[in-house]
Amino acid sequence: MRERTAIVGLGATPYYRRGASAPRTVDELVGQATLAAVADAGLRVGDVDGFAYFAGGFDSALLAETLGIPEIRFSATLTGTGGGSAGAVGLAAAAIVSGQAEVVVCVGANQQGAQRFGAITAAYPATPENAFFSASGLVGPGHMFALLARRHMHLYGTTREDFSAVALAIREHAVNNPNATLRKPLTREDYFSAPMLADPHCLYDFCLENDGAVAVIVTSLERARDLRHRPVRVLAGLHGGSRDWGRSIYWMNMPDASFASSGHAAVARRLYTMAGVSPGDIDTAQIYDHFTSQVIMQLEDYGFCARGEGGAFVRSGAIRLHGGSLPINTDGGQLSCGYVWGMTHVREAVEQLRGTAVNQVAGARLALVTGGPSVLPVSGLILSN
Amino acid sequence: MDMTSARIARRPPPGLFKLATNAWTAPFWAAARRRELVAACCADCERFRMPPTPFCPHCQSQSVDWRVLVGTGSVYSYTVVERAILPGMEPHLPYVPAVIELDGAGGVRMISNLVEVDIERIRVGMPVRVVWDEQPDASAVIARFAPA
Numbered sequence: 001m002r003e004r005t006a007i008v009g010l011g012a013t014p015y016y017r018r019g020a021s022a023p024r025t026v027d028e029l030v031g032q033a034t035l036a037a038v039a040d041a042g043l044r045v046g047d048v049d050g051f052a053y054f055a056g057g058f059d060s061a062l063l064a065e066t067l068g069i070p071e072i073r074f075s076a077t078l079t080g081t082g083g084g085s086a087g088a089v090g091l092a093a094a095a096i097v098s099g100q101a102e103v104v105v106c107v108g109a110n111q112q113g114a115q116r117f118g119a120i121t122a123a124y125p126a127t128p129e130n131a132f133f134s135a136s137g138l139v140g141p142g143h144m145f146a147l148l149a150r151r152h153m154h155l156y157g158t159t160r161e162d163f164s165a166v167a168l169a170i171r172e173h174a175v176n177n178p179n180a181t182l183r184k185p186l187t188r189e190d191y192f193s194a195p196m197l198a199d200p201h202c203l204y205d206f207c208l209e210n211d212g213a214v215a216v217i218v219t220s221l222e223r224a225r226d227l228r229h230r231p232v233r234v235l236a237g238l239h240g241g242s243r244d245w246g247r248s249i250y251w252m253n254m255p256d257a258s259f260a261s262s263g264h265a266a267v268a269r270r271l272y273t274m275a276g277v278s279p280g281d282i283d284t285a286q287i288y289d290h291f292t293s294q295v296i297m298q299l300e301d302y303g304f305c306a307r308g309e310g311g312a313f314v315r316s317g318a319i320r321l322h323g324g325s326l327p328i329n330t331d332g333g334q335l336s337c338g339y340v341w342g343m344t345h346v347r348e349a350v351e352q353l354r355g356t357a358v359n360q361v362a363g364a365r366l367a368l369v370t371g372g373p374s375v376l377p378v379s380g381l382i383l384s385n
Numbered sequence: 386m387d388m389t390s391a392r393i394a395r396r397p398p399p400g401l402f403k404l405a406t407n408a409w410t411a412p413f414w415a416a417a418r419r420r421e422l423v424a425a426c427c428a429d430c431e432r433f434r435m436p437p438t439p440f441c442p443h444c445q446s447q448s449v450d451w452r453v454l455v456g457t458g459s460v461y462s463y464t465v466v467e468r469a470i471l472p473g474m475e476p477h478l479p480y481v482p483a484v485i486e487l488d489g490a491g492g493v494r495m496i497s498n499l500v501e502v503d504i505e506r507i508r509v510g511m512p513v514r515v516v517w518d519e520q521p522d523a524s525a526v527i528a529r530f531a532p533a
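Quick note, the sequences are listed as chains B and Y, same order.
Take the first sequence: its position 157, counted from the start at 1, is 157 in this note's numbering, and no numbers get skipped.
Take the second sequence: its position 82, counted from the start at 1, is 467 in this note's numbering, and no numbers get skipped.
No lab work stands behind these hints: they were computed from the structure.
Ideal Cβ positions, reconstructed from N, Cα and C, are used throughout, including at glycine.
The reader is advised that the hints may include incorrect statements.
To be verified - Pulled from the structure, derived: some chain B residues nowhere near chain Y, Cβ distances all over 12 Å:
id	residue
1	Arg2
2	Ala39
3	Gly42
4	Leu43
5	Asp59
6	Thr66
7	Ala149
8	Asn179
9	Ser193
10	Asp226
11	Arg230
12	Asp256
13	Arg270
14	Val277
15	Val361
Unchecked claim - One-sided excerpt, in silico: chain Y residues whose CB lies under 8 Å from chain B:
id	residue
16	Phe402
17	Leu404
18	Pro482
19	Ile527
With the rest of the complex left out, here is chain B (with noise of 0.2 Å):
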């Protein structure tokens, strides 16, 4: 699958605060981020025969009828929630270089509204397996992901000033952005005066919620090569991870390796493989930060630094544009600039390698995106000028 395909189309919706997004449908919101990209890409969206998506993914029937795609090959989505992100693009890969798809869309959206994701496991239905948690109280993933930030502080000795040094090197980055949705600058006394959401994780720890869209079209690097913009080549992309990871936030009895993690390990074992690269050749990476210290748990699982030094290593300034070795989440994050369920972090890989970033990283060729940490599958991508 290496180099076989490529990101030939990007499109995306604005980045909405909760709820303002209506009276759009989030249907809508995928169809305007859909046809965005194809324009972007230089296709027609008669061009489009195929849809990769994850986290329940959207209605293929319904996004062909109302954008007149004459034929869909192949609509896929990977099972779990936003751990599929990076992953979906490998899917649509995996579609192209099978030859069931051409020209395929991958496409990620949030609409809170009627339901905002940080308190999405109240909303969960009642079943056998929910009973084991949902008597404590973990509303949200930013509870249950405090659990595993504590757990990291006692083996690991990682602090809350690590956190803060995640929140405002992102924080930084989003304040030259004109799409972020937060922009001021962040201090450190602004981060230690902020309210405590769910110990040890405070306000700043926590992602933004928004509304929006985000697609990429994925090609044959064949067809790439005639199209628009200098194409952005698949190095590897996939999706999996660990059974000691498992379910993770809803079952807590990963061996304590993997607790105090991302569960991402595996899956970055295979990456590394398969694009055939190894951490020190990364250029820039586009971190999932739902919350801080998942941020840190991946610099570790993706092997930027040792298990357990997550912490010295985001202090040690590494993840800041200005300075740093590995610059992370170059527009902001999910953190400050905006949350569409990791889709924005293609998105702004596709920037960086393009060279179009508003925090262009000079000379960036590779580049790392990562899924959700959450239930398996989780996912990366690794993309390439």
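Given chain B, put chain Y in place with the hints provided.
Leaving out everything else, chain Y in the frame of chain B:
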């Protein structure tokens, strides 16, 4: 000790929980009604699992022994929920979801709460013992944990 400053962990809103069971989980909840903390143990390889599921992940056996545990354990991790994100949560704050490593169960853990404890005193590794809470509508009895 200045008791006016102690913040005691409360119980989460009971309305968040509605019990659903199946053939594999019902014995756990039936035991809770008797105020017995039990865990599923594989009848073939004698390894525990939590929550109870139809197969032993180690040997794939479907034979289960329900073992009655001593009801003590230790805090593996915890979080203090300080902010309401659903209507009606305020009177229940702060509450403390916790992962408890259960004694005598081969290291398996359960997701529960710490209650009847000064929040400032909570530590990872702290020994705890089970306490039982009945739902207001008597639909279920829930295992929670207090300092041992």
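- Hint by hint, work out which the structure violates, then give me just those numbers in ascending order. 7 and 12
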